[in-house]
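Each chain, letter by letter, is given below.
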Amino acid sequence: MRVSVDTHRCCGSGQCVLAVPEVFDQREEDGIVRLLDERPSAELHDEIRTAATVCPSGAIEVHEA
Amino acid sequence: MTTAHPVTPLSFPAPRGACPFDPPPAYQRARREQPVTRVTLWDGSQCWMVTRHADVRVVLRDQRFSSDARRPGFPFVTDGRRALANESTSFIRLDDPEHARLRRMLTADFMIKKAEVLRPRVQRIVDDFLDRMVEHGAPADLVTEFALPIPSLVICLLLGVDYADHTYFQERSRIMLNNGSTADEIRQARDELTEYLGRLAQRKRREPDDGIISRLVARGELTDEEVASTGLLLLVAGHETTANMTSLSTLALLRDPAQLTRLRAEPALVKPAVEELLRFLTIVHFGLPRVATEDLEVGGQTIRAGEGVLCMLSAANRDEEVFEGADRLDIGRESRRHVAFGFGVHQCLGQPLARVELQIALETLLRRLPGLRLAVPYEDIRFRTDMAIYGVHELPVAW
Numbered sequence: 001m002r003v004s005v006d007t008h009r010c011c012g013s014g015q016c017v018l019a020v021p022e023v024f025d026q027r028e029e030d031g032i033v034r035l036l037d038e039r040p041s042a043e044l045h046d047e048i049r050t051a052a053t054v055c056p057s058g059a060i061e062v063h064e065a
Numbered sequence: 001m002t003t004a005h006p007v008t009p010l011s012f013p014a015p016r017g018a019c020p021f022d023p024p025p026a027y028q029r030a031r032r033e034q035p036v037t038r039v040t041l042w043d044g045s046q047c048w049m050v051t052r053h054a055d056v057r058v059v060l061r062d063q064r065f066s067s068d069a070r071r072p073g074f075p076f077v078t079d080g081r082r083a084l085a086n087e088s089t090s091f092i093r094l095d096d097p098e099h100a101r102l103r104r105m106l107t108a109d110f111m112i113k114k115a116e117v118l119r120p121r122v123q124r125i126v127d128d129f130l131d132r133m134v135e136h137g138a139p140a141d142l143v144t145e146f147a148l149p150i151p152s153l154v155i156c157l158l159l160g161v162d163y164a165d166h167t168y169f170q171e172r173s174r175i176m177l178n179n180g181s182t183a184d185e186i187r188q189a190r191d192e193l194t195e196y197l198g199r200l201a202q203r204k205r206r207e208p209d210d211g212i213i214s215r216l217v218a219r220g221e222l223t224d225e226e227v228a229s230t231g232l233l234l235l236v237a238g239h240e241t242t243a244n245m246t247s248l249s250t251l252a253l254l255r256d257p258a259q260l261t262r263l264r265a266e267p268a269l270v271k272p273a274v275e276e277l278l279r280f281l282t283i284v285h286f287g288l289p290r291v292a293t294e295d296l297e298v299g300g301q302t303i304r305a306g307e308g309v310l311c312m313l314s315a316a317n318r319d320e321e322v323f324e325g326a327d328r329l330d331i332g333r334e335s336r337r338h339v340a341f342g343f344g345v346h347q348c349l350g351q352p353l354a355r356v357e358l359q360i361a362l363e364t365l366l367r368r369l370p371g372l373r374l375a376v377p378y379e380d381i382r383f384r385t386d387m388a389i390y391g392v393h394e395l396p397v398a399w
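Line order of the protein sequences matches chains A and B. Numbers 1 to 65, taken from the UniProt record's numbering, label the letters of the first sequence in order. Numbers 1 to 399, taken from the UniProt record's numbering, label the letters of the second sequence in order.
These are calculated hints, taken from the structure and not from any lab test. It is possible that part of the hints are untrue.
Capping the alpha-carbon separation at 20 Å, the derived lysine to aspartate or glutamate pairs in DMTMM-like fashion look like this [stated by the list, open to error]:
#, chain 1, residue 1, chain 2, residue 2
1, B, Lys-113, A, Glu-64
2, B, Lys-113, A, Asp-25
3, B, Lys-113, A, Glu-28
4, B, Lys-271, A, Glu-22
5, B, Lys-271, B, Asp-256
6, B, Lys-271, B, Glu-334
7, B, Lys-114, A, Asp-30
8, B, Lys-114, A, Glu-38
9, B, Lys-113, A, Glu-29
10, B, Lys-113, B, Asp-224
11, B, Lys-113, A, Asp-30
12, B, Lys-271, A, Glu-28
13, B, Lys-114, B, Asp-209
14, B, Lys-114, A, Glu-64
15, B, Lys-114, A, Asp-25
16, B, Lys-114, A, Glu-29
Only a predicted model underlies this, so the values are computations on that prediction, with no experimental measurement involved.
With the rest of the complex left out, here is chain B (with noise of 0.2 Å):
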């Protein structure tokens, strides 16, 4: 079956509405009445874009959607992402075989037991910065005092990277992840990135540790520009992420009280609570790119060769074929299906640490700072409409 379609499709990205913790009302529209559309982006090519839980699910599990963003048809978001992408060899943008081959030297460190016997390592770090925030008192941002310095130092110490440079390579991850960054600015940042993570392994290689960067010299399989494009890839992807998710969370529960009272009353619920935040915000906001290698059909629609396809993560999320009232915040709620780290083999490889960091950061804050809340109006919060992972760009806190 194959539906008609608009004489005009739809601008992407298109913009959010009244709602800053809801997505763009066109992607919700469209999960209702077209599921499956064609989207036209920045540079005036189109693509088809999928808003459906089931039809992400199912985009994303089949491999003959490929992630190689070198295959023609591949569709970016911006002028940026290709720049980066048709350089960058990074297995994020790779299938399989290469891929797993790369993924598979990593998932040992990732997997869940790993990240259970970092928490009392996490939970100190989660304490100290709690320590210096209430040190330096009210108001404070809880972005750079807070959500993003606890990624940031730990996966500078599963890497083996030193925290000490956490300047240089925020700044750095933000100019990559910033979709208002041209080409030669998000060259430049990767460059430089590269660069710093290849002198790393260099010294590795001379004085070896067992932090992650060291362990991948070591197999002796990789090139220092392999090992320095996988560090960058994990730098990168575990800053923002988390950060975000921590500050966007402590936010849509300072906005809804009755959670808020809830979660505080029975901190048990964090686990789930922290899988519902995941689903309801949705911080990977610009959907999931794959580009066809043979004509495929999904959710009745025929997707040819070559075409590209936009998996919208938020949109799917906030369906209501899976999730009743999706449209709600409610931490009690059965959420697991939710797609906030992405579906099939490119999933999420770090969301074992990002869940004991969220946990741990969310019930920490909420239990020490009995009085938190808002430093500023919350008209005046400034969200990350502009950058590739969403959230708010500082979060004034007072207690």
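Isolated chain A (complex conformation) (with noise of 0.2 Å):
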């Protein structure tokens, strides 16, 4: 699987990192997401992919294989 965010799309709303900590952050000045691993390990995948469902401004994209 390998992440991928976007900052102009992003609001903020800090679910991502909520859900998955280890794989999603903000950035101190604006709270916009920062991505920490763009290919994480298997056994967060599902908590990802929850991530990109919750994200309100859908700013997190999946690509799964």
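Please dock the two separately framed chains into a single complex, following the hints provided.
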């Protein structure tokens, strides 16, 4: 799985950080998403899918395979 | 595909049914039978009502459904809301890029890390108000002695507003959120609060501190009026929402002894419990308004440019397609997909703070008052059917 984020779409709700703090963080200056791990390990995949689902602005893209 | 519509559209808002925790039965029925349907508003105008979880998400994530209340066709659920929205410039009623520019000045203040850092401070505030309530003795009104002062004091600290003035802005924020208020009453309350915050902005220019208002002023990008309208949004939104969730959650748990016992036995469940209570109670109960800026399709129904849409968060959060046994409160379930904070780029900015406050308030209340119970018959509780934010007007309790 490869993850990408769109910092222009992001509205800083922090849903992704709540779901997978290992993979998502928020920038200090404006609370916008910061991707910590583009190729997260398998045990996090379910939670990453949840993060993408609950992201209000659709700023997280999950590329399976 | 275009489905046939009833000759007489549903009159909005529909009355609540027998259970005060459930959305109006008409919305629940609409979700099952006609999930995108026409409704008639107070002034005789019509708009669409969207009730399914999937459709609500689609509308709120698509910025072609505008939040700009100045656009023709934007649906207003009361006269007062129309008066307020047409004159206000707060970013809740703006689209990107203006919305994003203003919101991004605040997102850092409400990010997860910041809310987590506040935990010890919120815990102290919660303990202090609970101490005072216990000291005054039972019966006590949980709304005025516990649920309201907690978020009120917290948002004052963050904004840099003097909590000593709380009666002044609590009264005015109540008028602004009362669907029964006339347009004039709302305008006056709004003007007085804006003036109050404008004066505060001027003071922060002379005597800066580390509160949000002071830092907004210091950026030098906003006029005092813009600072005041942003402050107003945070002050009003920061009050009534968390306050009503706290008291209504307490009541819902007291009415469901099995869930209450479970939460007391497993305090670690407080996080999922708060998510489930947010889902189950959905206090933003009048729908989020949008207006289509082009012809768009939602759930197989074409919505024309210029037509209004109300997204019913409460009905969406009871959608069986997403939440099995949706009409049952189950604090152990996975409820994170709820839309109680809205969805899309306007989703609640303060939600990390709201979560921290709710988790600490509920955990502390249940732990410290094991004998907590209603001090009046349940039938006497007055629900806030007439307010923009649902809840109870008062909650007399003993312990």
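For which of the previously enumerated hints does the structure constitute a violation, in increasing order of number? 1, 8, 10, 12, 14
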